[in-house]
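Engineer: Sequence:
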Amino acid sequence: MRQLFILLFVLGFPLMGQSQKIKKTKLPKWVHPITYESQKTSEDQGGYAYLLLDFQENIPEQELYRHYAIKIMNTEGIQAMSDIDVGYDPTYQKMAFHQIRLVRDGNVIDRLGESTINVFQRETQMERSLYDGSLTAVVNLWDVREGDIIEYAYSIKGFNPINKKNYATTFYQEYTSPVNRIYNRIVASPSKKIYYKLLEGATPPKVVTTDQTTEYIWDTDASRNMMYDTNVPPWYDIQKRVFITTFKDWGAVADWARELYTFPNEKLNISQELMITEEPIEERIVQLIRFVQDEIRYLGFESGIGAYKPNKPLKVYQQRYGDCKDKSLLLASLLQNEGIVSFPVLVNTQIQDGIQELLPSHNIFDHCIVYFNFEDKDYFIDPTSSNQGGNLENLSFPSYGVGLLVRPNENELRTIPETQKSQIIINEVVKIDSINGGATLDIETEYTGSKANYIRSYFNTTPRETIRKEYLNFYSNLYPNIQFAGEIRFNDGLRSSYNSVYIEESYILDNAWSATEEGLDYFEVYPLVLESLLNYPSSAQRKMPYYLGEPYSFSQKTSLELPENWPVENTDKTIKGDGFKYTNTIKGYGSRINIAFTYDLSKEVLLANEVASFQEKNDEIQNDLSFYLTHDPAMSDFKLSWISIVLFMVSLASGIFFALKIYKEYNPNPSGNGPEQAIGGWLVLPAIGLVLSPILLLVQIFDQDTFNHTMWSAFYNTESGQSTALLMLYTAEQCYNYLFLIFNILLIILFFKKRTSLPRLITLYYALSFVVPLLDLFLVEQLMPDQMGTIETQATYKDIGRSFIGALIWIPYFAVSQRVKNTFLRVYGHMEQLQTQNTIS
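Quick note on numbering: the working numbering labels position 251 of the sequence shown as 251, and the sequence is numbered without any gaps.
Because the hints were derived from the structure by calculation, they are not lab data.
Label pairs and their in silico Cβ distance ranges:
#	residue 1	residue 2	range
1	F490	N570	34 to 40 Å
2	K573	T724	23 to 29 Å
3	D619	F490	30 to 36 Å
4	E531	I488	16 to 22 Å
5	H631	N570	17 to 23 Å
6	A612	L472	37 to 43 Å
Computed cross-link-like contacts, EDC-like style, restricted to lysine to aspartate or glutamate with a CA-CA straight-line distance of at most 20 Å:
#	residue 1	residue 2
7	K798	E504
8	K581	E550
9	K315	E266
10	K21	D89
11	K193	D211
12	K23	D89
13	K431	D521
14	K377	E412
15	K573	D600
16	K193	D255
17	K312	E259
18	K197	E174
19	K192	D255
20	K309	E410
21	K573	D619
22	K197	E357
23	K603	E418
24	K617	D572
Note that beta-carbon positions come from the ideal geometry of N, C-alpha and C, so glycine has one too.
I would like the entire structure built from these sequences, with the hints used as guidance.
Structural biologist: In structure tokens:
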């Protein structure tokens, strides 16, 4: 039904427009006839040149007049200017053409009488789900030739009644194209105070006063066009212009707006429908924000007064759609129902805090948001931001600068605080199976703040197959033979709190190595995401500010796991400049290499004199992003570590000595009182675990290349300042692994001999399996915080978690199980059988 209504709305206006005849009339009496005085143009002006812009507006008559004279320079100009189109709102405006003519070689050719004026509806903002109902009157000129001057004039009568006789406009005295003459005129009533402000060197008006009117006239030559540098901020405007208004201050604007944004007399309580009545007040606030952002779709019909006046909150709630005004008033009403002080706020998304340099005006705002105060703290919410996340302390918010609260006694613009910078945190693990072979790539990415909102919206609106294709195409720029190893996993579990999303990806890299011109094989690590963020347009001889975008923080850690030890020169590079800091850290740990990139953008706009240095350093950063792993057979030679041999022999000797001592001398009294039972039941599971553990531990020892001298060199040469501590920790790890291996073998023997010492010793075994890896991980993270990425750390915690669960199950089992007590009854040597017999008797 809603779709049918929209269709009728969109299609109905052209029919109504066709019934309106656009009049062809003489010039209104109040208009001053103006002519272009010069036809001087230059060949480099393009396809056409403006000879005259004549804009006159009559406030008492509520009528505006427009008059253009344009010279056609070439065929491109014919194509661009042969159609005259004028937009107007039929709900309160009427238009008429007064002149359409061609001037060719000094001869005037009238086209007004013979022209057909067609009326169409052109919804120019349909892609933004906004329908304003405006009509466009179109005249197609014929027989337009190079060198002709097209001159036409029209008027539109009727100001929006929502203005309530208030008035504001801006007259430009300079454009990005040359104009030979610009004539601006305002006709006002002497009783109506007009305020104006000259910006960027605009000329003051000539003021003519009579008993009936006061006229403000600007007549300027704008043949010098204003050229903008590339990538200027959206608020940057240095063209000569005059800002004109009838509002004396911002309080008058707030009073005007407050009559439009009226709160309902009855409470609109939807907490019960959302089933949040029992939730804490902070949670209810967040739920109401999410409801308006996500459940009330963005759609606006903004013809006439609808461009300024919001619909009633109940209507918006029932129809489940509305524009920024509708959604803001609805949310403010819902919050007020909860006892929260809340009001709509008018902002300008482009000019932002630049509106402080202008005069108060009602049409300077292009967006509406919401303010509320909770526990003596001010908050600002954009109700049109769907897929937003975070609790009240983690809500991201665009940089709108300042806004006008629509509430009683509001006389000034309110500064809108900036939110925390968004983050992109990437952790990669690349496992290379062989030199010049393949590899696997695991990526975990965390987005926070506005970046999280964008990614959340992307995943919620894009088919997964499209996402897979786009991701694969992105990484194929670096790895042409990349393939998926699994599905892309999207985790939004922290939306309601921290506002972060996680994406996990797994890939297979076939033929991951490339060849240099010298025939050496190499593997490249490159932060593709960072490169895309640093792709700023170049700008030579800058004279204007340069827009960098919203500040953010980026970090990427790539861990390379190699099939052999790999010597690498540890480096730590920093590049800093105005508004940014970049670091690149490379560290080698034997068969592991960690590469870390960070980039922090803290400035949104650069001054013109800062741009050259910024781009020079940005180029330096771009040249520093690549890390090449080049294979040289000479560096893969195995060098036996005598330190490892000595540690192994000492640990083996001491371990066997204490194992024999425990085996013979540690004989606790049996705790069972029944006949001896065979190994069975649940005891089979720990038996399997004990048998498999030595095999896994041996694989781990040899997989870590323990006996290679390069491992010791890597820790000794580390630049972290912790080389001694790292060597001691590595020594302790090796000794523990060897001793734990012997202890594991001892437990297997004691288990199958059903010795009385087994329950207590295996309890120690399970405790050590949990506590020692946890302590080791803690020490590693303290000494080498950049060695392990998030993915690897999580894998380690999973192993520790499994050990903890094993300890939680088996330690109590071996302590209280009657089967355990009746199974492990034997002691060492000749006393074994005797003690067993005594126990049975």
